[in-house]
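Given chain A, work out where chains B, C, D, E and F with the ligands should sit, using these hints.
Chains as they are written, first to last, in the working numbering: chain A, 30 to 141; chain B, 30 to 141; chain C, 30 to 141; chain D, 5 to 466; chain E, 5 to 466; chain F, 5 to 466.
Hints listed in this document are in silico derivations from the structure and should not be mistaken for laboratory results.
A couple of the hints might just be wrong.
[Stated by the list, open to error] Across the chosen pairs, the derived CB separations fall in these ranges:
1) D/G106 to C/H71: 54 to 62 Å
2) B/V52 to C/K101: 29 to 37 Å
3) E/R231 to A/V52: 21 to 29 Å
4) F/A429 to D/T36: 55 to 63 Å
5) B/E104 to C/T133: 40 to 48 Å
6) E/A32 to F/A429: 54 to 62 Å
7) C/I115 to E/F291: 26 to 34 Å
8) C/K101 to F/S229: 24 to 32 Å
9) C/I115 to F/F114: 19 to 27 Å
10) D/P232 to F/G123: 30 to 38 Å
11) E/G106 to F/G180: 53 to 61 Å
12) F/N344 to B/N137: 44 to 52 Å
13) F/A429 to B/E47: 50 to 58 Å
14) A/K114 to E/F291: 20 to 28 Å
[Unchecked claim] With a Cα cut of at most 25 Å, we get these calculated BS3-like pairs of lysine-lysine:
15) E/K223 to A/K46
16) C/K114 to B/K46
17) E/K223 to E/K292
18) C/K114 to A/K114
In this text, a Cβ means the ideal position worked out from N, Cα and C, and glycines have one as well.
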Amino acid sequence: MQLITAVIKPHMLDEVKEALRGVGISGMTATEVKGFGRQGGHTETYRGAEYQVDFVPKVKLEIVVDSQDVGKVTEAITAAAQTGKIGDGKIWVTPVDTLIRIRTGELNADAV
Amino acid sequence: MQLITAVIKPHMLDEVKEALRGVGISGMTATEVKGFGRQGGHTETYRGAEYQVDFVPKVKLEIVVDSQDVGKVTEAITAAAQTGKIGDGKIWVTPVDTLIRIRTGELNADAV
Amino acid sequence: MQLITAVIKPHMLDEVKEALRGVGISGMTATEVKGFGRQGGHTETYRGAEYQVDFVPKVKLEIVVDSQDVGKVTEAITAAAQTGKIGDGKIWVTPVDTLIRIRTGELNADAV
Amino acid sequence: MRRKVVAVSLVAMLGSLLLANPAVAQDAYEPTIQDFLDNTWIVIAAALVLFMQAGFALVEAGLTRAKNVANIMMKNLMDMAIAFIAFWAVGYAFAYGSDAGGFIGTDLFFLQDSSTYEGGLTLSTNFIFQVAFAGAAATIASGAMAERTKFYSYAVFSLVMSAFIYPVVVHFFWGGGIIADLQIGNAKFGDFAGSTIVHSAGGWAALMGAIFLGPRIGKYGPDGSVRPIIGHSMPLVITGVFILFIGWFGFNGGSELAADLYVADIAVTTGLAASAGAIGAVLAIAFKSGKPDVGMAGNGLLAGLVSITAGTGTITPLGAVITGFLGGVLVVLSVLFIDNKLKIDDPVGAISVHGVCGVWGTLAVGLFAHHGDAFVDAAFPLEDGTEYTSSGLFYGGGVNQLIVQLLGILIVAAWVLVTTGLLFAAIKATIGLRVSAEEEMEGLDILEHGAPGYGPDVSVLA
Amino acid sequence: MRRKVVAVSLVAMLGSLLLANPAVAQDAYEPTIQDFLDNTWIVIAAALVLFMQAGFALVEAGLTRAKNVANIMMKNLMDMAIAFIAFWAVGYAFAYGSDAGGFIGTDLFFLQDSSTYEGGLTLSTNFIFQVAFAGAAATIASGAMAERTKFYSYAVFSLVMSAFIYPVVVHFFWGGGIIADLQIGNAKFGDFAGSTIVHSAGGWAALMGAIFLGPRIGKYGPDGSVRPIIGHSMPLVITGVFILFIGWFGFNGGSELAADLYVADIAVTTGLAASAGAIGAVLAIAFKSGKPDVGMAGNGLLAGLVSITAGTGTITPLGAVITGFLGGVLVVLSVLFIDNKLKIDDPVGAISVHGVCGVWGTLAVGLFAHHGDAFVDAAFPLEDGTEYTSSGLFYGGGVNQLIVQLLGILIVAAWVLVTTGLLFAAIKATIGLRVSAEEEMEGLDILEHGAPGYGPDVSVLA
Amino acid sequence: MRRKVVAVSLVAMLGSLLLANPAVAQDAYEPTIQDFLDNTWIVIAAALVLFMQAGFALVEAGLTRAKNVANIMMKNLMDMAIAFIAFWAVGYAFAYGSDAGGFIGTDLFFLQDSSTYEGGLTLSTNFIFQVAFAGAAATIASGAMAERTKFYSYAVFSLVMSAFIYPVVVHFFWGGGIIADLQIGNAKFGDFAGSTIVHSAGGWAALMGAIFLGPRIGKYGPDGSVRPIIGHSMPLVITGVFILFIGWFGFNGGSELAADLYVADIAVTTGLAASAGAIGAVLAIAFKSGKPDVGMAGNGLLAGLVSITAGTGTITPLGAVITGFLGGVLVVLSVLFIDNKLKIDDPVGAISVHGVCGVWGTLAVGLFAHHGDAFVDAAFPLEDGTEYTSSGLFYGGGVNQLIVQLLGILIVAAWVLVTTGLLFAAIKATIGLRVSAEEEMEGLDILEHGAPGYGPDVSVLA
Ligand SMILES: Nc1ncnc2c1ncn2[C@@H]1O[C@H](COP(=O)(O)OP(=O)(O)O)[C@@H](O)[C@H]1O
Ligand SMILES: Nc1ncnc2c1ncn2[C@@H]1O[C@H](COP(=O)(O)OP(=O)(O)O)[C@@H](O)[C@H]1O
Ligand SMILES: Nc1ncnc2c1ncn2[C@@H]1O[C@H](COP(=O)(O)OP(=O)(O)O)[C@@H](O)[C@H]1O
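For reference, chain A alone in the conformation it holds in the complex:
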C-alpha cells in the first residue's frame, strides 16, 4: 500500500475530489494547511504598517491506495489540480506497511 499526499490550492479541492472519484477512489482525508514555497506570500498593510505573509492557504489530501493504483491517482490529481500558475502544489508518495479499517479490523486492500 502507498500513501499519496497532495498539497493543492484550496479552490481546486472540488475538482480534485471529483477526479479522484472518477478513478475509483472512495476515501481520502483532507487538512487545511499553510504552504511556504516559490509562490511566495504577499504583503498586507494594517493601520498603515506593512508586513509580509509568507504562508498561503493550501489543502492537503492524504489518500492510501493499493500500490498499483498510485500512477493513475497521482495523474488524476495532477490533471485536476493544475492551473499552470506557480503554487499549484506537490504530491509525494510514501510506503505504507499496513492499513486497517477500524470498524471491521480489515487489513490493507480490504480496508481501503
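Then chains B, C, D, E and F with the ligands, alone, in the frame of chain A:
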C-alpha cells in the same frame, strides 16, 4: 520506529487517548481533518437551497512508536475507536527512519 | 527523497522558517496541530469548575527534501526550535518514493 | 405631523374586530402634554426592553457551543415574535382584562377596548411596554433549555408561556388579582418591575424545562463527575450583558409608567445594584475558584439587576448596593449548587439569575423597603401608635412586609411550576421535547435549521 | 444648562455660509414645551434610526463570507458618513427645499435657512431625522452588491444615491412633489414612513447593482445550477435583525414627527407586523425546504417591518398582522424566485426585503387603510353620498387608494431604476464596478483594505 | 403610577446614610412638566452614554487578539461597575460637592444632599448622567493597556481613576473649580461635553499606562522595526464604533442638560463631525499606505466625535465638518507617529483618538467658536467697541479664546499625567502592573480568568 496514523471520529478522541495512555503511549499529535469516505456526507439546506457536504469532521492522530509496539497500539486504537458504525476511520502504519527529540537531540527510542 | 516532519512550539515557527531558508529550503507545509506529551497540559476553570486540557497547541512542519539534505535540515530545525523547555517537540524522518510538482509534473529533486 | 381630529373621532366610532384600533376613543378627553410625555417615554422604554431580547440571545449564544449558535439566536428571535402575536391576541387580555376571581382577565382580547381614554397611558402604550416583558419572561427558559431542545417544541412552550402562563401571573398582581389583594397588617406585596412576576416566573419555567430535558450529553460523567461545557464566545456574552444592562433602564425606569422625577431615582438604584452584583459575583467566584470568571461577572451584573427589580422604587441607593451585591454572591453560589449538587444542567445560569435572584430581590423589599412606591406603602401606623416609618424590616417596619413578599413568591412559584410542568409533560408525550443524541452531538444548527450557524469558512467543531 | 438668549438672537443675525447655524432664528416665536418634547423625541428617534446602520452592517456581514467581512462593515460605516455630508450639503435641499416643478428642491443647501422658527420641528431636528433615512436608503444596495464590488466604486454610488437620487425621491412625496400631488377621486398617495420612498427606492438600486455586477463566482454552475454560498455567522445576522427591529420604532414612530399619542399606536402595528413577518417567513421556508432557516426568519422579520412602514399610521393591529405575515411569506417566495429563476445574485435578500416588500407594503395601504394618518385621508364622501369610511379597499374605500399607491410605486421605480442604471453604467465604464476574479476569490478584505477582517489568529478560510 | 405625596414628604424627613434617598426633598417646589421632560431626556441620554461602554469594549476587543478577548470585555464591564460604586460613594462628591479651593468638592458623598429641589435636574438625574461619563473616562485607558495588564492591577487603576483622578478634573471645570475661573479678556474656557475633561483626561491616563507597561512582546523588533499585531475581528470593531456613534448623541446632546431646541443642533454637529472624521481618516490612511484601512476608518469616526465634543454647542455645521475632518486626518498621523516614532504601543489608538483629538477639539473651540453655549460667551465688547461677535479666532474673536483653551488643556494634562504616573508607579512597585511573558504569550484569558474567551470548539490560536 514506525509512524501510526489514525483517522477517527472526533468524539472518540478522549477514549482513544486514554486507551493509548493505557498501553504506555506518552505522546501523540492530533489534527482536525475532514474525511471523505463510505460514510458519505449529508445534505444541508440554506435559504431554501439544498447542497451536499461530502467531507465530515474527523481527528487524525499521529504516533511514532517503537516498531515492536505497533501491534498493541493499533489494537488499542481499534478497540477504543470502534463504534461499529460506518465512518469509524482508518489506521495506517508507515516506516520512520529517525525520530529526534528537539529539546535534547535524543534519537529514536530515546526520543519517544 | 525523504519527508521530514517536525512538531514545534507555535511561536518558534518564524525562527524555524528562517533557519530553513538559511539552509536553502524553498518550500514547506505547515499545519496547526495539538500535541500530547510529557509537557502535559494545564488546568482551566470555567464557571468555578476545574478541567484538564491535555492537548497543547503545536505547529507541524512537513518538508520533503533530497535524502542528502536530511542531516542539515534536521539540525537546522533542532537548533532553531530548541528552547530547552519540555515540549520543544519532535522531528521524524520518513522515506518518500516520489515527489511530483503539480504545475509541471517534474519529479523528485526537480520537483523540490 | 398631527392628524386631523376627524380621523380620531372617526376611529372612535368604530367597533368590530377588523376595525379595531388601539387609538380608539381619544375624543372625550383632551390629552395634556404630560400625557404626551408619559406615553412617549414609555414607548422609548418599551424599545429598550425589547432590545433586551438581543441581550438574552447573545448571552445564551456565547455561553453555549458554536454548533448550536443559530438555534439559540433563532429561539430568542422567534419567542419574541410569538409573544407579540400571542400577547396581542389573548395574553394582554388575560393579564389586564376585567378581573374574574382574582385569577384572570376576561376582556381586551385583540386589544378591543370600548372604554374612552381619560389620560395617562393609552392602551397601545401599555401593550407595547407589557408585551416586551412577556417576551422576556418567555425567553428566560431558552437559556436553561439550550443545546438539546427541539425547535418546534420550544416554540410551543413559548407560545403557551406568553399567551397564558405568564399573563396569568401578571394578572395575579399587576392585573389586580390575588397577589394584589395580599395584605398582612398594613403590608401589601411589592414587586415594582417584576423580580417575581417576570424573572422568577421565567426562572421557574427554566427550572422545569431543564429538569424535563435532563442534562446535555457529557455534562455529568457516569461517576457523577461534573464536566464543564465551555461557552464558545465571551465577547457575545458580555455584549449581551451590556445590552441587557441598558435595556434594564427601560425595564425598571419604564415601570414607573410615567415620566416623573422618580425615573432617575430608579435608574440610580438600578445601575448601582447591577454594578454591585458584578463586583459581588467576581469576588465570590474568585474566592471559590481562584479566577475572576468572565461569564460569572456577567451573570453577577444580571443578578444585581434582577435583585433590584422588585425594590428599585422603594430601596435607597445604599440598599440597592447591598441588595445587588448579595445578588451577585448568591448567583455564584446558586450556579455552583445547581450544577454540582442538584446536577441540573443550566448552561447559562438562567435559573440562578432569574429564579433565585428574582426571589431574593422580592424578599429584599421586605428588608430594605424604605420609601413608598406604586405598591409598597412606606408609611402606616404601627401597633405602638407611632407613624411614618418604612415597611422594610431594617427600617423598623417589622416582618409583615417580608411575609407578604414570601407569600407572593410562593403563589407565583406554585402556578408556574405546575403549569409549565404539565406543559412540558404534554410536549414530551406528544411531539417530544429533546432532540436525538446524534443530533445533539452534531449540533442543532444543521439538523434543526438546515445549515451551520457559522459558515464552512469558519473553522468551528461539533 | 440653558443658554443666554443673547446667544440665540445673535445667531439669528448671522447669514453667510461660515456663520450658518441650524438654530438660526428662534427669537421671533417662543417655543412651547410641546415643541421641546416633539424635537427631543425626534432626536431620540433619529438616534434609533442611525443605529439601524449597525443592524444593516451585521445582517449583511453575517450572510456573507468571512473573507469579506471587513469590507461589508466598512461599506456600511462609510456610506453613513458619506450620506451625512452629502445630505447636509445638497441632499436635504433637493429633498425639502422650495419646490421646482414638483421634481426637486432648490434651497436649504448646507442647511442655510432664512425663515424664522414658528414651532414644530427645527431645521436641525428635521435634518438629523431625515439624514438617518438617507443613510438607510443608500446602504440597502450594499447587501445585494456584497462580496464583489470595488470599495471606491461603491463609495461613489452611495455618494450619488444619498446626494441626489434618494433626495429627489423624497422630494417627489414628502417634499411636496409630483407624488404628493397624485390624487384619484379623494385618494392621495400614502407612505407614512417610507415603504416606497426609502425601502423600495433602496431595493431598486440594489436590483440594478446586482444586475450590473453579475453573480459571485461559483454562485451559478455552468449548467445553470444554483449553488448556495453560506453566510459565515448567524449570530451576526440575528443581532443585526434585533438592532433593526428596535431601530424601526424610531423609523416608524419618529415619522409621526411629533410626540403624540399616535406614536404608541404606530409602535404596536410596527411590532406586530415584524413578528407576523418572522412567523410567516419561517412557515413558508419550512414548508418549502423542510427546515426553519434562521437567516430567512431574520429576513421575514425585516420584511414585516418594511411591509408595515407605509401603513403603520393608517392600518389596524389586525391589518398589520396580516400585512406583516404576507410580507414574510412574500420575502421567501421572492428570494427563491430571484435566486432560482431570475438568477440574480443577492447575497442577503435585499431586493426582496426592501424592494418587493416595500412595494407590497405600499399596496397594503390601498387594501387596509382604515383611519387617517398624515397623508391618507380616511374620510371622504363616496359617490353614493355616504361619508366617513376608510379609504382601504377592504373597508369599502374602493380601488382608488390602491391605484394611487400603484402610481406612486411606479414613479419611484422608474426614477431609481433609470438613474441608478445610468450611474452604474458610468462607474463600470470608468473606474470599474467589480473586483478582479482573483481578488474575489482571495477576499476583498485583504486586497481592498489591506488586511483580513479576522486576524491571523482566527482560522477562517478564503 | 405616580406615588402618594406622603411617601415624598416622608422621604424628605430622613437623613442618615441608611435612609439616604436621591429623591429627597421634592416637597417644597412643585416640579413643572419641563422639569419632567428635562429629567427624562437626561436619563435617556445617560442610558445612551452607558451603552458606549459596550462600544469601547467591542472596539478594543476587535483590535486585539483572540487570546485576550475575554479579558478586554471583562475590563470594560468591571470598570463600569467599579466606576458606578466609586462615583456614587465619593467621585460625584469630589466632582460636584461644595468647592474647596477650586480643587475638589467636599460634600454629597453617597449622594447625601440636604438641599431642597428647586427645579431642573434632580441629584439622581445628574448622577446617572455624570457616572456614565466617569465610566467612559476610566475605560479609555483600557485599550492602550490591552493584552498585557494584570486584571486586578487594572481594576485598582480604574477605581482610583473614577473615584478621584477624574472627579477632580471634572471639579476643575464643571464643578466650578480653577478651570471654570480661567478668563482671558472676555474669553472663558469652553468644553461643552468633555473633549478635555473626559477624553483628553482618559487619553493622558492611557498614555501613562502604555508607557509604564511598555510594548507587547514582539511589537517592536530588536532592530527597532515595527511589527503590526493584527486585531482579531473587524466586525467587532465596527459594531463598537456604531454603538459609540449613537451613544455620542446622548453624550453631547445630553450635555445640554435640558430638553431644549439646542439638542438637535448639537446632534447635527455631532453627526457631521463624526462623518467627516471617518472620511478624513480614510483619505489620510489611503494616501499613506494605499489602502483604506477599516480599523482606521473606525478610529477616524471616533476622532471626529472626540474633536467636536468640546465645541458641539458653539460650532456651526460647517465648522463641525472641518473640525471633524481634521480630527480624522490627525488621528491617522498620530497613530503612525506614536507607533513608528515614539514606539509607544497603543493597540487600539486610544491615545490618539481621545488624547490627541481631545486636545484638538478643545483648541477648535478657540478657532471656530461661533455662537454661545453654556460656557463660551459668544458675545462681548471688543477693544474697538464693536459688540456681539463670536469668540472664535476665525470669526474675529481674536486669540483669547484659543489661549484660554490651551491653559485648560495644560492644567488637565498636568494633573492627570502626574497622578496616573504616581498611581501606575505605585501599582508596579506593589502588586505589579504587567503579566508574565509566558502568560502574555499564552493569552490573558486563560491565565487571568481561567478559561479561553473563545471555546475549544472555536479554532483560534495563541
Ligand atoms: N519541499 C517541500 N516540502 C513540503 N511541501 C512543499 C515543499 N515545497 C512546496 N511545498 C508545498 O507546495 C506548495 C506549492 O509550492 P510552490 O513552490 O509555492 O509552487 P509550485 O508547487 O508551483 O512549485 C507550497 O505552498 C507548500 O505547501
Ligand atoms: N483511502 C483512504 N485514504 C485516506 N483516508 C481515508 C481513506 N478512506 C477513508 N479514509 C478516512 O477514513 C474515514 C472513514 O472512512 P469511511 O470509508 O467513511 O468509513 P470506514 O472507516 O468505516 O470505512 C474517512 O472519513 C477518511 O477520513
Ligand atoms: N510519540 C509521539 N508521536 C508523535 N508525536 C509526538 C510523540 N511524542 C510527542 N509528540 C509531539 O511532540 C510534542 C512535544 O512532546 P513532549 O513529550 O511534550 O516534549 P518533548 O518534545 O520535550 O519530549 C507533543 O506535544 C506532541 O505533539
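Hint check:
{"no.": "1", "hint": "D/G106 to C/H71: 54 to 62 Å", "in the structure": "59 Å, holds"}
{"no.": "2", "hint": "B/V52 to C/K101: 29 to 37 Å", "in the structure": "36 Å, holds"}
{"no.": "3", "hint": "E/R231 to A/V52: 21 to 29 Å", "in the structure": "25 Å, holds"}
{"no.": "4", "hint": "F/A429 to D/T36: 55 to 63 Å", "in the structure": "60 Å, holds"}
{"no.": "5", "hint": "B/E104 to C/T133: 40 to 48 Å", "in the structure": "44 Å, holds"}
{"no.": "6", "hint": "E/A32 to F/A429: 54 to 62 Å", "in the structure": "60 Å, holds"}
{"no.": "7", "hint": "C/I115 to E/F291: 26 to 34 Å", "in the structure": "59 Å, violated"}
{"no.": "8", "hint": "C/K101 to F/S229: 24 to 32 Å", "in the structure": "29 Å, holds"}
{"no.": "9", "hint": "C/I115 to F/F114: 19 to 27 Å", "in the structure": "55 Å, violated"}
{"no.": "10", "hint": "D/P232 to F/G123: 30 to 38 Å", "in the structure": "55 Å, violated"}
{"no.": "11", "hint": "E/G106 to F/G180: 53 to 61 Å", "in the structure": "56 Å, holds"}
{"no.": "12", "hint": "F/N344 to B/N137: 44 to 52 Å", "in the structure": "50 Å, holds"}
{"no.": "13", "hint": "F/A429 to B/E47: 50 to 58 Å", "in the structure": "51 Å, holds"}
{"no.": "14", "hint": "A/K114 to E/F291: 20 to 28 Å", "in the structure": "46 Å, violated"}
{"no.": "15", "hint": "E/K223 to A/K46", "in the structure": "19 Å, holds"}
{"no.": "16", "hint": "C/K114 to B/K46", "in the structure": "24 Å, holds"}
{"no.": "17", "hint": "E/K223 to E/K292", "in the structure": "21 Å, holds"}
{"no.": "18", "hint": "C/K114 to A/K114", "in the structure": "42 Å, violated"}
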